[in-house]
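Undergrad: Take a look at the letters that make up each chain.
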Amino acid sequence: DGGITQSPKYLFRKEGQNVTLSCEQNLNHDAMYWYRQDPGQGLRLIYYSQIVNDFQKGDIAEGYSVSREKKESFPLTVTSAQKNPTAFYLCASSIGFKNEQYFGPGTRLTVT
Amino acid sequence: GDSVTQMEGPVTLSEEAFLTINCTYTATGYPSLFWYVQYPGEGLQLLLKATKADDKGSNKGFEATYRKETTSFHLEKGSVQVSDSAVYFCALSAGTGGYNKLIFGAGTRLAVHP
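Chains as they are written, first to last, in my numbering: chain A, 1 to 112; chain B, 113 to 226.
Read the hints as simulated data drawn from the structure, not as lab findings. Don't be surprised by glycine CBs; every beta carbon is placed ideally from N, CA and C. Any given hint might turn out to be false.
[What the hints assert, rightly or not] Residues from chain B shown here face chain A by an in silico Cβ test under 8 Å; the list is partial:
hint, residue
1, G155
2, K161
3, F216
[What the hints assert, rightly or not] For lysine-lysine, the following DSSO-like pairs were computed, each having C-alpha atoms within a straight-line distance of at most 30 Å:
hint, chain 1, residue 1, chain 2, residue 2
4, B, K168, A, K57
5, A, K83, A, K14
6, A, K83, B, K161
7, B, K161, A, K9
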């Protein structure tokens, strides 16, 4: 079945450590996105990518980094520079930018 | 700038009750409109969409009509079930050029009791 996978579902890290969240899609979508969701709030865009080897900052990119070396993969690194990293992280993809986005199951990151 | 405003939750209903979740938007141009649903601990699922004025999106008994004159996209369902308990997000996709940003409302939590 086609879809988006994110791993792991739960992730725990100590403050000061970098951590990388995985996102893989087999939908053959060109565009991929990373969002952050905090309790009781909507989604905020961190980074997005139109094509391989290209990505752009979203609304809250500070303290995060991404890469897009393959069409299927768009990993997100949460660096130690991110002040409040504990959140639910969602990856999404779309055929093109004017189309609806499809979401993965999310990764809940807890930093203590 | 572009924005989406949803009614605050939680919305609490008995099974088989009628559901309305209000959504209004502000956007330049002609946005596409979406409703997404999020079940506890999961990602978002696309529920329905509408791409132009007067379009009606529908899925699984849910409906929403794109009303340009009132800049609204209210979600409705005639008879809710316990399994409909979730958080519902209204969103718009708008912009010019190559990238259409998806802008979300804050979400409305729905709790349906037997």
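Undergrad: Next, verify each hint and record whether it holds.
TA: A quick look at each hint next to the structure:
1. G155: Given a least distance of 4 Å, the restraint on G155(B) holds.
2. K161: holds (6 Å)
3. F216: holds (4 Å)
4. K168(B) x K57(A): Between K168(B) and K57(A) the Cα gap is close to 33 Å, so the pair fails against 30 Å, i.e. violated.
5. K83(A) x K14(A): At roughly 13 Å apart (the allowed maximum being 30 Å), K14(A) and K83(A) satisfy the hint.
6. K83(A) x K161(B): violated (36 Å)
7. K161(B) x K9(A): holds (28 Å)
In this structure, the hints that do not hold are numbers 4 and 6, in rising order.
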